[in-house]
Amino acid sequence: MTEKNVLAFDLGASSGRGMLASFDGKKINLKEIHRFPHNFSVLNGHAYWNILSLMDEMKKGLSLCKSEISGVGFDTWGVDCGFLSKEGELLGIPGSYRDSALDDQNMKEALELLGGEEKAFAHTGIASLAYNTIYKIYYMQKTMPSLMESADKMLLMPNLIEYLFSGVMHTEYSIASTTQLYDMKEKKWSAYMIDQLRIPKEMFTTVDLAGKDLGLLRSDVAAEVGQKSLHIISAPGHDTACAVAAVPAKEEEYTFLSSGTWSLLGISSKKMLEGESIVKNKISNEGTADGGYRPTVNIIGLWITQEIRRNFASQGRDYSFVQMAELASKEKPLQSFICPDDFMQPGDYITKIREYCKQTGQPVPMTDGALVRCILESLALKYRQVYDTLKPYIHWEEKLYIVGGGSQNELLNQFTANALGIPVITGASEATAVGNVMSQMKALGLYHTREEKCEILDHSFGTKVYEPKEKEAWQEAYARFCKL
48 MTEKNVLAFD LGASSGRGML ASFDGKKINL KEIHRFPHNF SVLNGHAYWN ILSLMDEMKK
108 GLSLCKSEIS GVGFDTWGVD CGFLSKEGEL LGIPGSYRDS ALDDQNMKEA LELLGGEEKA
168 FAHTGIASLA YNTIYKIYYM QKTMPSLMES ADKMLLMPNL IEYLFSGVMH TEYSIASTTQ
228 LYDMKEKKWS AYMIDQLRIP KEMFTTVDLA GKDLGLLRSD VAAEVGQKSL HIISAPGHDT
288 ACAVAAVPAK EEEYTFLSSG TWSLLGISSK KMLEGESIVK NKISNEGTAD GGYRPTVNII
348 GLWITQEIRR NFASQGRDYS FVQMAELASK EKPLQSFICP DDFMQPGDYI TKIREYCKQT
408 GQPVPMTDGA LVRCILESLA LKYRQVYDTL KPYIHWEEKL YIVGGGSQNE LLNQFTANAL
468 GIPVITGASE ATAVGNVMSQ MKALGLYHTR EEKCEILDHS FGTKVYEPKE KEAWQEAYAR
528 FCKL
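For our numbering, add 47 to where a residue sits in the sequence shown, where the first one is 1.
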């Protein structure tokens, strides 16, 4: 077949990149063509995203593509949105979930109107988190009433970008699931949530699954970037849904870990998870690319290794991550553990970890390798702890698929298999971009079945299996970890 090209724009909360994927009928060749920084700015005490700069950077990425592109898709972080007038013009600047005004007090006020956290969950299947879209809209109704009175439509960030490139307004399912305004059981906007907060229901657009062809790039933009036959294809709008779309699982239901700075451990399921423990543990039934559910728990991930690497470098020991893992592999196993959730803020982790171990009566890791091993083993044991909360809902063969940058850390992969006592299968390290690409390829008819998708993923990025070892030692270590 003639080689097909698609472009995936993957926007994170601090940087964005354009990834060009070329498909020859069997294998994907993935190449980064443009990377750019971006961050929120604070104006009048509120945090906003620079949407104009983002659009310019993405147009630059499009113009850097010298070959013809069949499709382009966009994925972003969740919850943030922009508002449009009746004439389709952008009202104000899209706000950031990092806005300090989106605090627990604001959420508490809204939840009182909604009848409490459990009732809000019953109508959406989504955990109440202070930065969810619903609480942003509630805050803006209180403090920016004139803007909200002018708002005719609300579009979430990936769909706002699609609109600015195509002129088509819609909402993609996976990103809708992050709002806490969408009823995940009924698969429609929640009339209860919208009515209780007196949000105009006309503000919400039709919800579609990923893969919808939104038509050609706007003619003025096409002329500017030199891509006159480029189609805008709606990728899974939420970056986590994109990462899960890259999991090389032939099964319809499976357990996954998207491993990076943050680790997201969850299940891809046909059914929502419900019940008191789900609400208590803040587990959200967010959406998958194909219209299913992916109840997921956020865990601090390789941030801890990134931070201690900076600490080592500041003392003149500039290790690569591979060198750090090698040092750790030579240390005595299962000596000391930390609770990863206690290490979310930047700082001197060398001192903090040693102090933590001393205060909890554990051996103090004195070498660099022992510190790294402590971190990696603790992460694996934390994964086990979260896995155990999801285990009652897992009714398929137990194995864990790991994708994302952390899938390259072979030592952590083995520790994870050991801690969970189940096989670990790793896939694409550039999972978010790959999931975006795979959704576009399916929309273009380049593959049709889950089996064909897995074959393409395997040929392109490979898989590796880690079998569990030393089960008794890890079981004893887990018991110690749970007492921290």
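Just so you know, these hints were derived from the structure itself, not from any lab.
Among the hints, erroneous ones may be present.
Claimed, not checked - Quick list of in silico lysine to aspartate or glutamate cross-link-like pairs, EDC-like style, CA-CA up to 16 Å: (1) K297 with D71; (2) K133 with D150; (3) K297 with E444; (4) K446 with D388; (5) K489 with D71.
Small disclaimer: the values here were computed from a predicted structure and weren't measured.
Right, here's what the structure says about each hint:
Simply put, K297 and D71 have alpha-carbon atoms about 22 Å apart, too far for the 16 Å limit, and the pair is violated. At most 16 Å may separate the alpha-carbon atoms for a hinted pair to count; K133 and D150 exceed this at roughly 30 Å. With a C-alpha separation of about 12 Å, the suggested pair K297 and E444 falls inside the 16 Å cut-off, and the hint holds. Of the pairs offered as hints, the one joining K446 and D388 is violated, with about 24 Å between alpha carbons and a cut-off of 16 Å exceeded.
A distance of roughly 14 Å separates the Cα atoms of K489 and D71; the hinted pair therefore holds under the 16 Å criterion.
Figure legend: structure checked against the earlier numbered hints; hints not met, in rising order: 1, 2, 4.
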